[in-house]
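Start from the sequences and build out the full structure, keeping to the hints where you can.
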Amino acid sequence: MRGYLWSSNANVVRVEDGGESPSVCRVNDVPTAHRNAVVMTDVVAMTGGFPALAGIDIQVAEGEIVLLAGPNGAGKTTVLRVCAGIQPIARGSVSVLGFDLRTDLAHIRSNVGFVGHRNGLYEDLTPAENLDFWAKVIGASPDEVDAAIDVMALNARVRDTPVSRLSAGQRRRVALAVLVIRRARLWLLDEPHAGLDASGRDELDGILRRAAASGATVVLASHELERATALATRRITISGGVIDGGDRNG
Amino acid sequence: MTTITPTTKSSHRGTGTTATRVIGLLATVMCAWLVVFGLILSPADRDQGDAVRIMYVHVPSVWLAYLAFIVTAAGSAIHLFGRRHSLQADRVAGASAEIGVVFMGVTLVSGMLWGRITWGVYWQWDARLTTTALLFVSYIGYLAVRNLDGTREQLARRSAIVGLLAVLEIPLVHWSVKLWRSLHQEATVLGTDLDVSLDGLMLFSLFVGVVAFTLVFVWLLLHRARTMAVVDLAAQRRLDDALIARRREGGN
Amino acid sequence: MANQRRRLALSVARKDLRIERRSHVLTAQILPFTLVTMVLFAFALDATSVLQRVAPGLVWLAVLFSMMIVVQRAFAVETADGALDALRSAGADMSGVFFGKFIALVVQLIIVEGALWIAAVLLYGIELRLGGIVLLVTSSISATCGLAAIGTIYGGLASGIQGRESLLPLLVLPVASPVLIGATRSAEAAFGIGGTVASEGWPWLGLLTVFAVAFVVVGSFAFGPLVDD
Chain S
449 MRGYLWSSNA
459 NVVRVEDGGE
469 SPSVCRVNDV
479 PTAHRNAVVM
489 TDVVAMTGGF
499 PALAGIDIQV
509 AEGEIVLLAG
519 PNGAGKTTVL
529 RVCAGIQPIA
539 RGSVSVLGFD
549 LRTDLAHIRS
559 NVGFVGHRNG
569 LYEDLTPAEN
579 LDFWAKVIGA
589 SPDEVDAAID
599 VMALNARVRD
609 TPVSRLSAGQ
619 RRRVALAVLV
629 IRRARLWLLD
639 EPHAGLDASG
649 RDELDGILRR
659 AAASGATVVL
669 ASHELERATA
679 LATRRITISG
689 GVIDGGDRNG
Chain R
93 MTTITPTTKS
103 SHRGTGTTAT
113 RVIGLLATVM
123 CAWLVVFGLI
133 LSPADRDQGD
143 AVRIMYVHVP
153 SVWLAYLAFI
163 VTAAGSAIHL
173 FGRRHSLQAD
183 RVAGASAEIG
193 VVFMGVTLVS
203 GMLWGRITWG
213 VYWQWDARLT
223 TTALLFVSYI
233 GYLAVRNLDG
243 TREQLARRSA
253 IVGLLAVLEI
263 PLVHWSVKLW
273 RSLHQEATVL
283 GTDLDVSLDG
293 LMLFSLFVGV
303 VAFTLVFVWL
313 LLHRARTMAV
323 VDLAAQRRLD
333 DALIARRREG
343 GN
Chain C
23 MANQRRRLAL
33 SVARKDLRIE
43 RRSHVLTAQI
53 LPFTLVTMVL
63 FAFALDATSV
73 LQRVAPGLVW
83 LAVLFSMMIV
93 VQRAFAVETA
103 DGALDALRSA
113 GADMSGVFFG
123 KFIALVVQLI
133 IVEGALWIAA
143 VLLYGIELRL
153 GGIVLLVTSS
163 ISATCGLAAI
173 GTIYGGLASG
183 IQGRESLLPL
193 LVLPVASPVL
203 IGATRSAEAA
213 FGIGGTVASE
223 GWPWLGLLTV
233 FAVAFVVVGS
243 FAFGPLVDD
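From first to last, the protein sequence lines are chains S, R and C. In short: position in the first sequence from 1, add 448, done, that's my numbering. In short: position in the second sequence from 1, add 92, done, that's my numbering. In short: position in the third sequence from 1, add 22, done, that's my numbering.
There's no promise every hint is true.
Simulated crosslink set (EDC-like; lysine to aspartate or glutamate; CA at most 20 Å straight-line) [claimed, not checked]:
#1 S:584 - C:115
#2 S:584 - S:548
#3 R:270 - C:222
Calculated from the structure, these hints are not laboratory results.
Following this line, the structure appears as structure tokens:
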């Protein structure tokens, strides 16, 4: 049973007002009928009493791979957390995949995949057990888990070693494997390249390109500018909690 | 976003209005009355002597403490289940809990002093007293939750839930303590608790006390809730400044 | 939906118990801690007759204190590497998560209680009557469910906030007091301490059951908004 059962409902609504072909988005069997994956309008979001986002406007179209760039503390992580539906906003409005953040949080969460600074893994469990748990939470099948393990090249030894004894890069691979089984329509990644070795980065880029090719949207924050710019279709630079200058096509 | 309408005219600084001034004046008069009736006009009790005068503070503060917690519960429920998730209701809940904790402290201290004189001990494991003590701690916990980090809405929602959980706790705690004491304690000592034979003047003094304390409560509640509104307003203003400063960080 | 929630709850419970089995925190740290407390109680109270009289209360006090550690640990594994955020962003049904953590907590507390009762029998020399077994078991289960429910509710509340671990005992202990009273009295009745008979324990079982049901029901609704806001 998939975690986004209710999307069948949204399906009907979207098809009615939609113009685009449903085949564009195969990721979640929900047709794409709206142009924008993310619309943030004048968003203010607080982290610990500090306005991390100071009235930011962002638009991301479906199928784009967008790089969020900017100095440390610019607000990139907060943008991703807001889109993932785990950070409340104080002002402004956010629409993700056509759903309003304030009223339709459940729909947003069921269609969004997020990997933050932290991996969201249980240290005492092995990657296999972690994947098994997350597959149950998400509602993914064992086959999908196996496929994700292949994609992230997690060998048998790594799979059965407790996460606490894995290197940072290996943990990252496990976290990305969890992201893969989510089969999200919007992928949100915070510094996904951090800790990965060269082959891991290549695998990650491959996954993101394939996801975008199949209709998903990718937003990533990265300091690996060269690699990320090559991957991204567009770059948005943030500083001081707002967009820095104009958007630049990359 | 909740808009806060200023409750005072611009010419005037403070949280007072005509209504609060009238209430404040009445409260002062009633408190003065309470002193006159409680300490001078009302007679000493046949058994308890002058110790009975503690009742004129103790009973009104118990009443008030529980009234305050009912108000907190009501405010929490209105915030949580109301369609607008009113922050005003949250402020009233918080203000009321603060006042309630103070009056509960007065209740405990005055009760212990009275107990020392009447029972010979400061503390009796009586159902009412024990329930009150546990509630006192619970509401201190509630106030701690109100002071945690988070956005204004997060704090309001969390405190509302904790405020309602504390209400759920009252009957369970009372039931358990009552059951406990009824099994283990001879009731003779406790029988003397409040069953003093009150003559007319004593009863009237008690009544004056209840009215006086209730007025004090209303007066404090209005001022405190308004102060909290001003604090929220100031936080919004500060946010505007912080936003400008934040944008400037990036040279925008 | 109910089916899905049950499956999520079982997954969470199984995951939590597996983590405990793997990390040995319960067996290598919490159980020894509780047993040391039992020995310390004996030092503090000295006389065997006193110990026998108050043994049930000491056992349940030890349960209460160890629960603080178990609860903190149960939520530390969720927040250490952002798993709670991942659960939220995956849209996991929070009342399912509540029941999962609740079940895992109940299982761990029952293990602690078993060890403590054995310690009480061995160290303090109390004797369980045959007629008291049913009362002891049923009241312990009810009490444990009540404690686990409030532990999960307030543990969830405290988990989202860094550096506020000390808030947990302040919130939990006053609420837990009816359980402490009820569980202690019914255990006294089960063991026949202080000339009590087993039938004196049944009203307490009623109280414990009402408490457990009330907080489990409320917790399943309150947990989501407390954790996920």
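Evaluation of the provided hints:
{"no.": "1", "hint": "S:584 - C:115", "verdict": "holds, 12 Å"}
{"no.": "2", "hint": "S:584 - S:548", "verdict": "violated, 27 Å"}
{"no.": "3", "hint": "R:270 - C:222", "verdict": "holds, 15 Å"}
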